[in-house]
Amino acid sequence: MKKPGRSIVLHAVLVAGALLTLAPLLWMVSASLMPSGDANSFPPRLLPRIVTFEHYRDLFTRLDLMRYFINSLVISVSATAISLLINSMAGYAFAKLRFGGRERVFRVLLAAIVIPAQVGMLPLFLLLRAMGLVNTMMGVVVPFMAGVFGIFMIRQYALSIPEDLLDAARVDGAGETRIFWTIVVPVLKPILVTLAVFTFLSAWNDFMWPLIVLSDDAKYTLPVALASLSGEHVQDTELMMAGSVLTILPVVILFIALQRAYIRGVMMGSVKG
Amino acid sequence: MKGSSERRQHLAGWLFVSPALVLIAVYFFVPVIAGLLLSFTDFDIYAIGRPDSARLVGLGNYAQVLSDPVFWKALGNTFVFVVAGGPLSVIVSLVAALLVSSKLTRFPGLWRSIYFMPVVTTLVAVAIVWRYLLHPQYGLIDWALTRMGLPAIDWLGDPHWAIPAIILLTVWKNFGYNMLIFIAGLQSIPEELYEAAELDGAGGWSRFVEITLPSLAPTFLFVGVMTMLGQFQVFAEPYVMTQGGPLKATTTVVMLMYEQGFRWWRMGLAAALAFVLFVIMLIGTTIQMWLQRERRS
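Chains A and B are the protein sequences, given in the same order.
Under the working numbering, think of the first position of the first sequence as 1, with each following residue one higher.
Under the working numbering, think of the first position of the second sequence as 274, with each following residue one higher.
Hints listed in this document are in silico derivations from the structure and should not be mistaken for laboratory results.
Ideal placement from N, C-alpha and C gives every residue a C-beta, glycine not left out.
Misleading hints may appear alongside valid ones.
Unchecked claim - According to the in silico footprint, chain B covers these stretches of chain A (three or more CB under 8 angstroms from chain B): (1) 10-16; (2) 23-35; (3) 90-102.
Could you build the full structure based on these sequences and the hints that come with them?
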């Protein structure tokens, strides 16, 4: 009789933990649907008295949230596309193409992981300014275009590509570029999905870099716009919650749809600390 | 034939890695070195228009950083995030991983996904949500506290409670990530170890202390270092929730760097701040690795 009792306690704890974990997100959704002022009442209201979508309408009409949404989307999609191409080529080459200096270059790249991004941020800003990329979407995308973590992830996966597969294609006279596109990319597909989810989420959620690069309100990404709105609309709890829902919703949907790929990436990152 | 294939691979290899190398060099390595140089100059708002007006000041910026009481306040706050937030986050992650990985647990995938959800959310958005949750009058958290007979806390308005409040947010936001890594670590412990211990009559707790914890040592090192590095770089949470206040109680080193560099355009000084933080992070990483090695020997 000991086992069922323990199982019930265990599941009670799991449910309690899940409720605590989801509570902030559920309250955010609930408050975003309340009429103005209702979220600031005592005792706090858990569910809306009347469901209203006025704050969402407000965000799209008066506050032009669609523009920020599109900015974020353009930045995250381009960051993802560019980084997939560049990191997969490099990761594959580090795993499978024999070239002089390969191991040494790879070690230098790995060593760079310990340097925090902030150390290079100030000169990078000055550099982008000299190139005319400050206050442009391109400037926000730049740090995402190639990354040691992405290269490492692709390399680990590409190591398992059988050498015979590549050699057979070489004997048939295929060039390295064609081998990459016709043989390697299809094999790498699962890890490419993983890297895509990772890059998209980190570009979408990033705050500090777009805050630094973008000075023109019309070019803000969603998180930057949200932070700036929250300064002006501190009292409008329901409106801010609606804005938070719209910022979080795309990434949560993406995570739920592709969670297997994402979780694989987290686990891989830990394999070789 | 063989020789030409090797030459082709050599060429293709460099061709394939060069876009990544050029980008990482231009956008990372060069700025890092330039940042070091920048930290020895008085580069400021005038120098942005005319870079040649910046002058070398030697270690002047470092001296200024180290003599600034606000820096020590920010460093102290950052250490609180590291020393209190880091271990708390690791413990919560481990408990969650143990719960999800228990053999009795049904639908482990479901719990794992729920607990992981906060990790993917946008930090700025959830920081705004938490600002309202922590509201002393209307917030759910104080409402729950008073229902349990505890006093309400002015979380973000009281200098003593502002950092604990932000730590609560960071733990909630991040524990799912380390939980996944602990789950992977738990899965790699051979089942036979537990079976042998059970035959020896070891109870649940002693199996945990004698098998689970030692087997997770490498996982602890990875999780510990990553969590520490993350806590050293706290920025968006105080930026959105408290603007570093009240009374600078939540100003972190990265926030100070942002303000000096990008609000007041004292870029030489900000670069020195960035390098001081970098050195402290390196020392922290080294200490953790050293502690692990000591424990193993």
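To see whether the hints hold, each was checked on the structure:
Note: the stretch 10-16 of chain A has 4 residues with beta-carbon separation from chain B under 8 angstroms; the three-residue rule is met and the coverage holds. With a threshold of 8 angstroms between beta carbons, the proposed coverage of the stretch 23-35 of chain A by chain B holds, since 6 of its residues qualify and at least three are required. Check result for the stretch 90-102 of chain A against chain B: holds, 9 residues qualifying (beta carbon to beta carbon below 8 angstroms, three or more required).
When held up to the earlier numbered hints, the structure conflicts with none and fits them all.
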